[in-house]
Amino acid sequence: MVVIPSTLMGDGAAQSKRIPLTQLARGQRAMIDSESLTTLAEADRCLLRAMGIHESCELKVCKAGAPCIIEVERTRVGLCGSVASKVFVKPCDGCPAA
Amino acid sequence: MAAQQPDELEALRVYSTERPPRAALLGQPNTGKTTLFNRLCGSRARTANIPGTTVESRVGLAATTHGVLEIMDLPGIYGLSLEVPESKLCRDCLDGRIGDVAPDVAVIIADATNFSRSLRFASHALRRKMPCVIAITLADDARRKGFSVNAAALSECLGCPVVITSGRTGEGVDELADAALRAALHGISLESFEQRLNHLPASSVSESDLAKWANDVLVEVASGRLAAASSVSDRVDRALTHPVSGLATFILVMSVLFASIFWLAQFPMNGLDFIFGTSGDWLRAVMPEGPLRDLCVDGIIGGVAGTVVFLPQICLLFFLLSLLEDSGYLARAAFAADKFLRRFGLPGQAFVPLLSSHACALPGIMSTRLIPDPKDRLATILVAPFMSCTARLPVYVLLISLLFAGRPWLAGLAFVGCYATGAIAGLLSAFLVRRTLLKGPARPMLLEMPPYRRPSVRIALWVMYDRGVLFIKNAGSMILAICVVMWWLSAYPKVAPSPELLQMRAQTSEVALQANANPEQVQALESAANLLESREQQLGSMAGKLGLIAEPLFHPLGFDHQLTVAVLTSFLAREVFVSTLMIISSTDANDEASLLDRITHNRRSDGTLLFTIPTAASLLVFFTLAMQCLPTLALVRRETQSWKWPLLQFVWMSGLAWSMAWIVRQALLTGGF
Ligand SMILES: Nc1nc2c(ncn2[C@@H]2O[C@H](COP(=O)(O)OP(=O)(O)OP(=O)(O)O)[C@@H](O)[C@H]2O)c(=O)[nH]1
Ligand SMILES: [Mg+2]
Numbered sequence: 001m002v003v004i005p006s007t008l009m010g011d012g013a014a015q016s017k018r019i020p021l022t023q024l025a026r027g028q029r030a031m032i033d034s035e036s037l038t039t040l041a042e043a044d045r046c047l048l049r050a051m052g053i054h055e056s057c058e059l060k061v062c063k064a065g066a067p068c069i070i071e072v073e074r075t076r077v078g079l080c081g082s083v084a085s086k087v088f089v090k091p092c093d094g095c096p097a098a
Numbered sequence: 099m100a101a102q103q104p105d106e107l108e109a110l111r112v113y114s115t116e117r118p119p120r121a122a123l124l125g126q127p128n129t130g131k132t133t134l135f136n137r138l139c140g141s142r143a144r145t146a147n148i149p150g151t152t153v154e155s156r157v158g159l160a161a162t163t164h165g166v167l168e169i170m171d172l173p174g175i176y177g178l179s180l181e182v183p184e185s186k187l188c189r190d191c192l193d194g195r196i197g198d199v200a201p202d203v204a205v206i207i208a209d210a211t212n213f214s215r216s217l218r219f220a221s222h223a224l225r226r227k228m229p230c231v232i233a234i235t236l237a238d239d240a241r242r243k244g245f246s247v248n249a250a251a252l253s254e255c256l257g258c259p260v261v262i263t264s265g266r267t268g269e270g271v272d273e274l275a276d277a278a279l280r281a282a283l284h285g286i287s288l289e290s291f292e293q294r295l296n297h298l299p300a301s302s303v304s305e306s307d308l309a310k311w312a313n314d315v316l317v318e319v320a321s322g323r324l325a326a327a328s329s330v331s332d333r334v335d336r337a338l339t340h341p342v343s344g345l346a347t348f349i350l351v352m353s354v355l356f357a358s359i360f361w362l363a364q365f366p367m368n369g370l371d372f373i374f375g376t377s378g379d380w381l382r383a384v385m386p387e388g389p390l391r392d393l394c395v396d397g398i399i400g401g402v403a404g405t406v407v408f409l410p411q412i413c414l415l416f417f418l419l420s421l422l423e424d425s426g427y428l429a430r431a432a433f434a435a436d437k438f439l440r441r442f443g444l445p446g447q448a449f450v451p452l453l454s455s456h457a458c459a460l461p462g463i464m465s466t467r468l469i470p471d472p473k474d475r476l477a478t479i480l481v482a483p484f485m486s487c488t489a490r491l492p493v494y495v496l497l498i499s500l501l502f503a504g505r506p507w508l509a510g511l512a513f514v515g516c517y518a519t520g521a522i523a524g525l526l527s528a529f530l531v532r533r534t535l536l537k538g539p540a541r542p543m544l545l546e547m548p549p550y551r552r553p554s555v556r557i558a559l560w561v562m563y564d565r566g567v568l569f570i571k572n573a574g575s576m577i578l579a580i581c582v583v584m585w586w587l588s589a590y591p592k593v594a595p596s597p598e599l600l601q602m603r604a605q606t607s608e609v610a611l612q613a614n615a616n617p618e619q620v621q622a623l624e625s626a627a628n629l630l631e632s633r634e635q636q637l638g639s640m641a642g643k644l645g646l647i648a649e650p651l652f653h654p655l656g657f658d659h660q661l662t663v664a665v666l667t668s669f670l671a672r673e674v675f676v677s678t679l680m681i682i683s684s685t686d687a688n689d690e691a692s693l694l695d696r697i698t699h700n701r702r703s704d705g706t707l708l709f710t711i712p713t714a715a716s717l718l719v720f721f722t723l724a725m726q727c728l729p730t731l732a733l734v735r736r737e738t739q740s741w742k743w744p745l746l747q748f749v750w751m752s753g754l755a756w757s758m759a760w761i762v763r764q765a766l767l768t769g770g771f
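Chains as they are written, first to last, in the numbering used here: chain A, 1 to 98; chain B, 99 to 771.
It should be emphasised that the hints constitute simulated quantities derived from the structure, not laboratory data.
In this text, a Cβ means the ideal position worked out from N, Cα and C, and glycines have one as well.
Fair warning: there could be bad hints in the mix.
Derived, one-sided and incomplete: chain A residues facing chain B with beta-carbon distance under 10 Å [as the list claims (entries may be wrong)]: (1) K17; (2) R18; (3) P20; (4) E35; (5) E42; (6) A50; (7) E73; (8) V83.
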């Protein structure tokens, strides 16, 4: 997959470009939207949703890379690399990195 | 909620069926359901700070001011409609397909420390047409973090009774039981159900609208705000799941765990050994000589002592594992282990079952239910008994002290080696089975990390107590029975003395009667005669005959007929091996010698030492790998619903054990040992 370094993207592009979860840095925040989970298997998508990782939520990366740990509200979930690399999220520039 | 007059309730209760109403605890994993259940029913079901602790439904009785309520604890589920075993079990339970009747009321658990998610879960559960009560759990924890919920306001919002509880402190527990009983007796009418639905978002609502709804409710009914998890736990998480520091922590934790088991437990073990030794001596002194004394001293005390001395180690292992689990560490270790375990075709979730199998394979296999993928789960069940459980400890201790007497460092290494051999054999078997019988893609890991909590020493003490009692009960029933039967088999039928023995006895008395008899010589002759007698008895007894029949199978491993009998009985339960050996070798002349001495100096019929280094080593390898536990096989049959898997497990493990033991023995023999 092609990854555009964020420095090359304009503000507008940053809003629309999705990157896989595995490429977020520690502490970075990102949005999950209606298309983020479509590449996952049905069972995994349902489980993630029920765990609280649903479309239109904001997540924070607690441990970056693969596998990674993300936090949504009060829930922390560990995802193995094969799932995390299929979840495409929109990094929030507005959200300060922790 | 509408208050009812006690008389009215009483009437309702009388007119309801004879059985007490049943309430089911329904909620997400790790939200304190079992803790609440324990409080309500005064029981001590297993709780731990890791999602998926409860894997079976469990029923208890709770007393309320208005009568008895039956409570059903269920496994935690992320959603009622998911296609995973726990969700299916909960659906079956709610529909009355489990436990003969459907529950009369659902107690929906809402975790106060993760409130918005709990509300979303509740909104789904409330759509079932049955009386519901909402129990807000972990209220004490949330309050400490500056967050509280207004029960009345929430009840208004959701259209059903709400009680604020804490399983730890007992807050609101009686009130909850009352509310549940009331709701159960009252039933639910169509109007009230429709009213409740009006409070909830439509079933077709999108996930984001549902989240918005939950947030609106939260703002309305809660005060304070739960801060996101602290940066400290962020940092700890990072360290614990890091490839290097995570592994280092894991090795450190496990070393401390096992080192403390061996070091700390030796003190109470010496005490127990002393108690059994003295009581055996005392009985021997006070009882008249005869078969009854032999049965009591050799069969009962001797046999049971061989097993019960290991009680402290077992208790300690369960205590420490419980503390670890309750702290939230094990979930991180499982997460970090995922990449490694995947190489062998096992999921990260297999980590906790495999670790607890080091205490006992039974709870280990039970906890595999939290593994979502059926093939992953089956593979884990198949290899779990390879992990060195505490029942193997007595044999390890005995054989290692025999092999490495006076060399504590080597002995320590050998212990580690035994544990490692079991684990490696398990991983390689998993690798094999996932590439042959259980082919298929692995389900990726999605694991919730529970918050770090201060582990509860009280819970750990109870776990330890319960496990200890179970062990003693087992020792007092099955192991005792095996010991008595083994004693009987080895003591009967009484064998008539052979001509050689008679001649030897005659010679002894002749020498003793001589005027210039040398007392040492007399004694030597006498003990030689005693030894011959006991050997003849051993061979002539039923156990001896059995041993002779099966001996050819184990002869290549260097086992004689005695050892063969001990190994055969240990297929019923491993821990009886030392006991059996103690019983069948106790007819030897030197009754006062310690078990270890007795076994070390045990000789074959041809007079050569039984426990040479190659034989002891092959026996050790055999015990490390063999499947010698009937209860485990029975459990595997139950969990897999077929005899195929336990049979496969038995044949594979025992075959592997035999082959590896043979290889080790041949290698040592060739090496000149
Ligand atoms: N502080 C506090 N801790 C609690 C309370 N209730 C439960 N816990 C802790 O929360 C953890 C989970 O409790 P469990 O009762 O095992 O939760 P469960 O819902 O049965 O979990 P599963 O069986 O995995 O679904 C344990 O570490 C408990 O000690 C509570 O009221 N207050
Ligand atoms: Mg539970």
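Which hints from the list above does the structure break, by number from lowest to highest?
1, 2, 3, 4
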